[in-house]
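A.B. asks: Sequence:
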Amino acid sequence: MRIASIVLVLLFSLFQANVVWAQGDAQAGKARWESVAENRCQYCHGVKGEGAFGPDLAGRQLSFDQFKQAVRKPWGIMPTFPESQISDQILANFYTYLSGLPKVPTPGPWRTPLPANAPYGQRLLVETAGCAQCHGDTIAVPRMDAGAVGADFEWFKRLVYDHTASLPEHRKLLGTEVGILRMGNYSRARLPEPVLEEIWKYMRDDLKFRVPVTS
Numbered sequence: 013m014r015i016a017s018i019v020l021v022l023l024f025s026l027f028q029a030n031v032v033w034a035q036g037d038a039q040a041g042k043a044r045w046e047s048v049a050e051n052r053c054q055y056c057h058g059v060k061g062e063g064a065f066g067p068d069l070a071g072r073q074l075s076f077d078q079f080k081q082a083v084r085k086p087w088g089i090m091p092t093f094p095e096s097q098i099s100d101q102i103l104a105n106f107y108t109y110l111s112g113l114p115k116v117p118t119p120g121p122w123r124t125p126l127p128a129n130a131p132y133g134q135r136l137l138v139e140t141a142g143c144a145q146c147h148g149d150t151i152a153v154p155r156m157d158a159g160a161v162g163a164d165f166e167w168f169k170r171l172v173y174d175h176t177a178s179l180p181e182h183r184k185l186l187g188t189e190v191g192i193l194r195m196g197n198y199s200r201a202r203l204p205e206p207v208l209e210e211i212w213k214y215m216r217d218d219l220k221f222r223v224p225v226t227s
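For the working numbering, add 12 to where a residue sits in the sequence shown, where the first one is 1.
Hint data in this document are derived by calculation from the structure and do not stem from the laboratory. This structure is a prediction, so every number in the text was calculated from the model and none was measured. We treat Cβ as the ideally placed atom computed from N, Cα and C, and that holds for glycine. Don't take every hint at face value.
[To be verified] Quick list of the computed label-pair ranges, beta carbon to beta carbon: (1) Gln-39 / Asp-164: 43 to 49 Å; (2) Lys-220 / Glu-46: 32 to 38 Å; (3) Tyr-132 / Arg-84: 29 to 35 Å; (4) Leu-185 / Pro-117: 44 to 50 Å; (5) Val-153 / Leu-126: 17 to 23 Å; (6) Ser-75 / Asn-129: 41 to 47 Å; (7) Arg-135 / Glu-181: 29 to 35 Å; (8) Pro-119 / Glu-46: 39 to 45 Å; (9) Lys-85 / Leu-186: 27 to 33 Å; (10) Asp-164 / Asp-77: 38 to 44 Å.
[Stated by the list, open to error] With a Cα cut of at most 20 Å, we get these calculated SDA-like pairs of lysine to any residue: (11) Lys-80 / Glu-62; (12) Lys-60 / Lys-80; (13) Lys-213 / Trp-167; (14) Lys-184 / Arg-155; (15) Lys-184 / Trp-167; (16) Lys-60 / Ala-38; (17) Lys-169 / Ser-199; (18) Lys-213 / Gly-133; (19) Lys-80 / Gln-101; (20) Lys-169 / Arg-216; (21) Lys-169 / His-182; (22) Lys-213 / Pro-131; (23) Lys-184 / Gly-196; (24) Lys-115 / Arg-72; (25) Lys-80 / Leu-113; (26) Lys-169 / Gly-71; (27) Lys-42 / Arg-155; (28) Lys-85 / Leu-74; (29) Lys-184 / Met-195; (30) Lys-42 / Lys-80; (31) Lys-80 / Thr-92; (32) Lys-213 / Asn-129; (33) Lys-80 / Cys-56; (34) Lys-42 / Val-59; (35) Lys-85 / Gln-101; (36) Lys-213 / Arg-170; (37) Lys-60 / Pro-114; (38) Lys-115 / Gly-71; (39) Lys-85 / Arg-200; (40) Lys-85 / Asn-197.
Construct the complete structure from the given sequences, taking the supplied hints into account.
C.D. replies: What follows is the structure, given as structure tokens:
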């Protein structure tokens, strides 16, 4: 009986913890969701969570644990966002806000559509990896960052697969402020290196920015 009582107490505590997180602040979630200076989730999932490049989130019948899992260990091409980048409390606020929104019958348009007659590398960065939803179809900021340090493909891989650690190092090297990390870490399994290399070649060869000759 004593052991059974202890188990029940532990289970109740876990249940209570989940309820606390799932009760997040909808107004705080709305404010954060709409603030592209802090995060850009809406660029893929829509201004009102209606979906676009990414799936719709408004009014979805997900538990908080399912929602959290989709952010911490996502499926598809979405990058991983660790707790050091987006706290559980922020996720709870998002969850509460988005769960209270009405579902929409169809998703909205992509923020950055695929240009007509796009070359292969551009199709990959727009359609496959989704880079263009935040960076635009010519990924101007990453190209500037690469040119500033004479980057090679190894540099690019680190920035994509280990962004939350590599970007602060890059900013420190340039002597600029790190600021808020808005991009997560892509999975090598779901964004394979050969695909990433084709995107790199498009940046380097088609868009013509300076990198070492040996890269």
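A.B. asks: Each hint: holds or not?
C.D. replies: Now for the hints, and whether the structure bears them out:
At roughly 46 Å, the beta carbons of Gln-39 and Asp-164 sit within the given window of 43 to 49 Å. Judged by the Cβ atoms, the range 32 to 38 Å given for Lys-220 and Glu-46 holds: they are separated by roughly 36 Å. Judged by the Cβ atoms, the range 29 to 35 Å given for Tyr-132 and Arg-84 holds: they are separated by roughly 32 Å. At roughly 48 Å, the beta-carbon separation of Leu-185 and Pro-117 lies within the given 44 to 50 Å, and the hint holds.
Between Val-153 and Leu-126 the C-beta distance comes to about 20 Å, which sits within the given range of 17 to 23 Å. Restraint check, Ser-75 to Asn-129: a C-beta distance of roughly 44 Å satisfies the suggested window 41 to 47 Å. The hinted range of 29 to 35 Å is satisfied by Arg-135 and Glu-181, whose Cβ atoms lie roughly 30 Å apart. Against the hinted window of 39 to 45 Å, the Cβ-Cβ separation of Pro-119 and Glu-46 comes to about 18 Å, which falls outside the hint.
Taken as a hint, the range 27 to 33 Å holds for the pair Lys-85 and Leu-186, whose Cβ atoms sit roughly 32 Å apart. In this structure the supplied range 38 to 44 Å holds for Asp-164 paired with Asp-77, their Cβ-Cβ distance being about 41 Å. Restraint check for Lys-80 and Glu-62: the C-alpha separation of about 18 Å stays at or below 20 Å, so the hint holds. Between Lys-60 and Lys-80 the alpha-carbon distance is near 19 Å, which keeps this suggested pair within the 20 Å criterion.
Proposed proximity of Lys-213 and Trp-167 is supported: the alpha carbons are some 13 Å apart, at most 20 Å. The suggested pairing of Lys-184 with Arg-155 holds, with an alpha-carbon distance near 18 Å, which does not exceed 20 Å. This hinted pair checks out: Lys-184 and Trp-167 have alpha carbons roughly 15 Å apart, not beyond 20 Å. Among the hinted pairs, Lys-60 with Ala-38 is consistent with the structure: their alpha-carbon atoms are about 13 Å apart, no more than 20 Å.
A threshold of 20 Å between alpha carbons decides the hint, and for Lys-169 with Ser-199 the separation of about 11 Å falls inside it, so the pair holds. Distance check on the hinted pair: Lys-213 and Gly-133 sit about 7 Å apart at the alpha-carbon level, within 20 Å; holds. This hinted pair checks out: Lys-80 and Gln-101 have alpha carbons roughly 10 Å apart, not beyond 20 Å. For the proposed pair Lys-169 and Arg-216, the alpha carbon gap of about 14 Å is at most 20 Å, so the pair holds.
Among the hinted pairs, Lys-169 with His-182 is consistent with the structure: their alpha-carbon atoms are about 13 Å apart, no more than 20 Å. With a C-alpha separation of about 11 Å, the suggested pair Lys-213 and Pro-131 falls inside the 20 Å cut-off, and the hint holds. Of the pairs offered as hints, the one joining Lys-184 and Gly-196 holds, with about 19 Å between alpha carbons and a cut-off of 20 Å not exceeded. About 7 Å separates the Cα atoms of Lys-115 and Arg-72, which keeps this hinted pair within 20 Å; it holds.
The suggested pairing of Lys-80 with Leu-113 holds, with an alpha-carbon distance near 18 Å, which does not exceed 20 Å. A distance of roughly 36 Å separates the Cα atoms of Lys-169 and Gly-71; the hinted pair therefore is violated under the 20 Å criterion. Restraint check: the Cα-Cα separation between Lys-42 and Arg-155 comes to about 32 Å, which exceeds 20 Å; the hinted pair is violated. Distance hint between Lys-85 and Leu-74 is fulfilled; the C-alpha atoms sit about 15 Å from each other, no more than 20 Å.
A threshold of 20 Å between alpha carbons decides the hint, and for Lys-184 with Met-195 the separation of about 17 Å falls inside it, so the pair holds. Our distance criterion of 20 Å between C-alpha atoms is met by Lys-42 and Lys-80, whose separation comes to about 17 Å. With a C-alpha separation of about 11 Å, the suggested pair Lys-80 and Thr-92 falls inside the 20 Å cut-off, and the hint holds. Straight-line distance between C-alpha atoms of Lys-213 and Asn-129 comes to about 17 Å, which keeps the hinted pair within the 20 Å bound.
Between Lys-80 and Cys-56, the direct Cα distance comes to roughly 17 Å. Compliance with the 20 Å bound is thereby established for this hinted pair. For the suggested pair Lys-42 and Val-59, the alpha carbons sit about 10 Å apart, so the restraint of at most 20 Å is met. For the proposed pair Lys-85 and Gln-101, the alpha carbon gap of about 17 Å is at most 20 Å, so the pair holds. With a CA separation close to 16 Å, the supplied pair Lys-213 and Arg-170 stays within the 20 Å bound.
Our distance criterion of 20 Å between C-alpha atoms is met by Lys-60 and Pro-114, whose separation comes to about 9 Å. Among the hinted pairs, Lys-115 with Gly-71 is consistent with the structure: their alpha-carbon atoms are about 5 Å apart, no more than 20 Å. As the CA atoms of Lys-85 and Arg-200 are separated by approximately 13 Å, the hinted pair is consistent with the 20 Å bound. Of the pairs offered as hints, the one joining Lys-85 and Asn-197 holds, with about 11 Å between alpha carbons and a cut-off of 20 Å not exceeded.
Against the hints set out earlier in the document, violations occur for numbers 8, 26 and 27.
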